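Student: Sequence:
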Amino acid sequence: MKNTTVQYSGSSVGQALKRCLAAMSADSTVFPKQATTSCFIINGLVRTERLAWRGQGGSNLFRVGIGSGGDWAPIEEAWDDGHLPDDELEELFIEHVILEDMIAQEPEQWGFPGDDYTIVVAPA
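Mapping to the numbering used here: the sequence shown position 29 is 29, numbers consecutive.
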C-alpha cells in the first residue's frame, strides 16, 4: 500500500482496523510498519466528549494519525504475538494511538459504540 488510499469495513472499529493492518502487511503475522505513519479516517458512530456520527457525506471526518501518530508499540507487540481479538485491538487503538495522537486526557469518554464502521487508510 504505497501512496494509495484504501478502505476497509467491519462491524466494529477493531474488525475494520484488523482488516486494514492485515492488508497492509506483506505477511499478516508481521505488523505493518507503514501503519504508524498512515492516516486513518474512521466513518461511523464515535463517542468523544459527545456522541456523533462521523464521516457521513465527507463531513465531520474523524482522522487519526495526523497529530503525533500515537504509540503503536503495544499494538505491534500484540499483533506479532499472533493473538489479538478485535475488541482488544480496539481498546489498544483508543488508548495508545487515538488518545496520544489527539492528546486527549479522558479515556473513558472515547469509544465506538456503533455496529458499522469504515476505515479509510491514506498516506499521512
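No lab work stands behind these hints, which were simulated from the structure alone. Keep in mind that this is a model prediction, so the values were computed, not measured. Note that the Cβ used here is the ideal one computed from N, Cα and C, for glycine as well. Any given hint might turn out to be false.
[Said to hold, decoys possible] Computed Cβ-Cβ distance ranges for the label pairs, DEER-style: (1) A52 to S11: 18 to 26 Å; (2) N60 to D115: 14 to 22 Å; (3) R50 to D27: 37 to 45 Å; (4) G82 to W53: 32 to 40 Å.
[Said to hold, decoys possible] Cut-off 20 Å, straight-line C-alpha distance, at most; resulting in silico cross-link-like pairs (EDC-like, lysine to aspartate or glutamate): (5) K33 to D101; (6) K33 to E77; (7) K33 to E106; (8) K33 to D81; (9) K33 to D80; (10) K33 to D71; (11) K33 to E76; (12) K33 to E95.
Student: Next step is simple, just say for each hint if it's right about the structure.
Tutor: Tested hints:
| no. | hint | in the structure |
| --- | --- | --- |
| 1 | A52 to S11: 18 to 26 Å | holds (19 Å) |
| 2 | N60 to D115: 14 to 22 Å | holds (19 Å) |
| 3 | R50 to D27: 37 to 45 Å | holds (40 Å) |
| 4 | G82 to W53: 32 to 40 Å | holds (34 Å) |
| 5 | K33 to D101 | holds (17 Å) |
| 6 | K33 to E77 | holds (12 Å) |
| 7 | K33 to E106 | violated (28 Å) |
| 8 | K33 to D81 | holds (15 Å) |
| 9 | K33 to D80 | holds (12 Å) |
| 10 | K33 to D71 | holds (12 Å) |
| 11 | K33 to E76 | holds (9 Å) |
| 12 | K33 to E95 | holds (19 Å) |
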